[in-house]
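Asker: In order, the protein sequences belong to chains F and X.
As numbered in this note's numbering, the first sequence has no gaps in its residue numbers, which increase by one up to the final residue, 116.
As numbered in this note's numbering, the second sequence has no gaps in its residue numbers, which increase by one up to the final residue, 114.
Simulated from the structure, these hints should not be mistaken for lab results.
Just so you know, nobody snuck in bad clues.
Simulated pairs of lysine-lysine, DSS-like, Cα-Cα distance not exceeding 30 Å:
1) K15(X) to K108(F)
2) K103(F) to K58(X)
3) K108(F) to K61(F)
4) K103(F) to K62(F)
5) K71(X) to K103(F)
6) K75(F) to K58(X)
7) K61(F) to K111(F)
8) K61(F) to K103(F)
9) K103(F) to K10(X)
10) K108(F) to K58(X)
Residues from chain X that face chain F, not an exhaustive set, calculated with beta carbons under 10 Å:
11) Y36
12) G43
13) L44
14) G59
15) Q103
16) R110
Each residue gets a CB set at the ideal place from its N, CA and C atoms; glycine is no exception.
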Amino acid sequence: KNEVEQSPQNLTAQEGEFITINCSYSVGISALHWLQQHPGGGIVSLFMLSSGKKKHGRLIATINIQEKHSSLHITASHPRDSAVYICAVTQGGSEKLVFGKGTKLTVNP
Amino acid sequence: NAGVTQTPKFRVLKTGQSMTLLCAQDMNHEYMYWYRQDPGMGLRLIHYSVGEGTTAKGEVPDGYNVSRLKKQNFLLGLESAAPSQTSVYFCASSSPRKTYEQYFGPGTRLTVT
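Pulled out of the complex, with its shape left as it was, chain F reads as follows (with noise of 0.2 Å):
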C-alpha cells in the first residue's frame, strides 16, 4: 500500500465546475504538498501546508492531521486548470518528499 493515496485517478469536469481532489496518507508528516504537472511536463508547488487551509487564486487546499487527509479545491474550473496535481508529504524533519501517483484532471470547454 502506498503511503500517499489519492483519488480520484482521473477526473473530466465541465467548465466551471467545483472540482475536489483527495488525498490521504499513512504516515506521520511535518508538511503536505500539492504540485501541479501541466502536459508539458513542468512540474511547479502550488500548496505546502502543516494545518489548517491555504487559498490562492480558485485553489484551496485543506489538511486534516488528525484524519491524515487534504483535499485541493479548484473553484470555477477552466480549461486551463488541465493537469496532473500531484500530492506529497515531508515526514518529520525530513528533506525528502514521499509521492502520490497523481490525478489527471482534464477541463472541457
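Given chain F's structure and the hints, the job is docking chain X onto it.
Answerer: What follows is chain X alone, placed relative to chain F:
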C-alpha cells in the same frame, strides 16, 4: 533567476552507453534531488544531496551514480544504460531556510533502445 535547469532536454541512448545529466540551480539551495517519473507511478527518488560533497541513495538508486562537486550543480550518471532506465528525469532543489519547498527543473526525457 533561471531557477532549476536541466540538460539535455531529450536523449536517446543505446543499451550499454553511458551519459550524464546535469542539473543546475541558482537559488543557493542546500538540497538537490534526482527523480524519475514513469507512467502509472509517482515520482521516485533516485539520489539526493544535502550539501556540497555529500550524496545519499533514494528509493531507486541502482544503475545510477551522482556527484555534487559544486553547491549549484548535481550530476546524474548512467554508466551502462538499460531499457528499464527509459524514463523522464526531474531534478529539484530545496532549502531548510524555505521549509523544504521543492523547485523542479523542466525534465529530461531519456529513451534507451
